[in-house]
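These protein sequence lines map, in sequence, to chains A and B. 1 is the number of the first residue of the first sequence in our numbering; add one for each residue after it. 1001 is the number of the first residue of the second sequence in our numbering; add one for each residue after it.
Source of the hints: derived by calculation from the structure; they are not laboratory data. A quick note: this is a predicted structure, and the numbers were derived from the prediction, not measured. Cβ coordinates follow ideal geometry from the N, Cα and C atoms, glycine included. Treat the hints with care, since some could be wrong.
As the list claims (entries may be wrong) - If you want the footprint, here are the derived chain A segments under chain B, 3+ residues with CB under 8 Å:
#1 15–29
#2 71–83
#3 157–170
Said to hold, decoys possible - As a list, the in silico SDA-like pairs of lysine to any residue whose alpha-carbon atoms are at most 25 Å apart:
#4 A:Lys-169 x A:Ser-44
#5 A:Lys-169 x B:Ser-1214
#6 A:Lys-127 x A:Val-45
#7 A:Lys-169 x B:Ala-1171
#8 A:Lys-169 x B:Arg-1086
#9 A:Lys-169 x B:Lys-1211
#10 B:Lys-1211 x B:Leu-1036
#11 A:Lys-169 x A:Phe-72
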Amino acid sequence: MQTILINQEILAQGFLMTLALTLAVIVAATAVAVLLAAGMLSRSVWLQWPSRILVEVMRDIPLFVTIMMVYFVAPAVGIGLNPFGATVVGLGAWGGANGAIIIRAGINAIPRGQFDASAALGLHPLKAMRFVILPQALRPILPPYLGLVTQLVQGTSIGALIGVRELLKTAQIVIERTTIMDGGLSPFTLYGVVLVIYFLICSALSFASGRLEIGLGRHERAQADKPSLARLSQVPRG
Amino acid sequence: MIDGFDWAYLYDTLPALLRGLRTTLIVSVIAILLSLAIGAIGAVMRLSGRPFLVWPARGYVAFIRNTPLLVQLFFIFYGLPVIGVRLSAFWSGVVCLSIWGGCYHLESFRAGYVGVSQGTRDAARALGLKAWQYALLVALPIALRTAVPSMANTSIAMLKNSSYLQAIGLAELTFVAIDRNSLEFRTIELFAAICIFYLVLVLAMSAGATKLESYLQRPFLAR
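Looking at chain A on its own, in the form it has when it is part of the complex (with noise of 0.2 Å):
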């Protein structure tokens, strides 16, 4: 507890580093995820299946790994990327993909009735996205986008091992600083009180994201009983 207190001061910086990475990758993800699904949801085939092919490769393609590669293969193609930029690209691209799926899951749940009806009443596309669709698409979209928060919450961790000064990051440097002096007994409690960091952060997002979908849900009472396994299925673990 005395390492904890004597160097609370290089954790809290860790720890406002983790939200600075969180937040940069956040917008990152949604740019991508947006772009993404419009392309998945194009009529043009050359729109669609690139953007498909692209989700589904960077699904498959584990996200340790993404981060690893964006960081080593940007430097060999001539592109400069300090730690925290690789695993703003890496994650982003990650989130991205599977931000695209929940966001074509949430579009196509849609009944095709109102995008017609759109159609009819001479809306432009656009305008009938953002008025007709958008809104009733945000209901299925919004909770399984905060557990993807969740999920990208924690992925920052792995910026630490690119070297990043994040949270985990900090923890390790304070672990170096003070084994001989602590016993040895640093690694245990600065691990468990990161980890205890991270399970507040990310179980406030996970009950939000539980809230949110029973608040949105309110006129879908009927079936609130079966949405947690539709929720696990579709929120990305890796």
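Using the hints, position chain B against chain A.
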């Protein structure tokens, strides 16, 4: 740095990569089997209705789901020796992956079991089946049908997540690639190779899962 894709290099490194692949497969298979056992035991606890069994199971699921696998791994590999539990990199990896996957299997088992209709339960009681007979002979086969797709997803995710074990120095596929890369700088060749290995493994597992699903969907007599 780009000087053409070096096939000859890849050919020379293939034996090392295949050794890594073997470790990846061994770790994943052991971990998947263990995690299924953990999931089954956990689901029984979770469904038992006794608070002193239900709450540990719930806590376990919540904790594992809401913490990063990498930190769990470091805690097991570097943290546990402090309190006298010393595991090799291999067994740390197996234990960590099984605990991680077990929590998702638990939820799939549970969701499948809860999904068995009330009518089926009533019918079993009307026929005079005991509680354990209903659970094992009636509910379980039906529950498995719903649970298999998400259990397959979890198992695939475990195979992919075995790449995290690079971080504790287990010589699996990703470790071999990163290790060779730091010596020989053949970045593109090495990562292309392991990506293809992972893609093939994942696609093969998904295909297997689809087969298994359609097999389970058929009624017993038609098998």
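Cross-check of the supplied hints:
Only when three residues or more bring their CB closer than 8 Å to a CB of chain B does the claim for the region 15–29 of chain A stand; here the count is 0, and the claim is violated. With 6 residues having a Cβ less than 8 Å from any Cβ of chain B, the region 71–83 of chain A passes the three-residue criterion, so the hint holds. Requiring three or more residues with a Cβ within less than 8 Å of a Cβ of chain B, the coverage given for the region 157–170 of chain A holds, as 5 such residues are present. Proximity of A:Lys-169 to A:Ser-44 is assessed by CA-CA distance (about 45 Å); at most 25 Å being required, the pair is judged violated.
Of the supplied pair hints, the one linking A:Lys-169 and B:Ser-1214 is violated, its CA atoms being roughly 45 Å apart against a limit of 25 Å. Distance check on the hinted pair: A:Lys-127 and A:Val-45 sit about 23 Å apart at the alpha-carbon level, within 25 Å; holds. At most 25 Å may separate the alpha-carbon atoms for a hinted pair to count; A:Lys-169 and B:Ala-1171 meet this at roughly 22 Å. Of the pairs offered as hints, the one joining A:Lys-169 and B:Arg-1086 holds, with about 23 Å between alpha carbons and a cut-off of 25 Å not exceeded.
With a CA separation close to 43 Å, the supplied pair A:Lys-169 and B:Lys-1211 exceeds the 25 Å bound. Proposed proximity of B:Lys-1211 and B:Leu-1036 is supported: the alpha carbons are some 19 Å apart, at most 25 Å. For the suggested pair A:Lys-169 and A:Phe-72, the alpha carbons sit about 19 Å apart, so the restraint of at most 25 Å is met.
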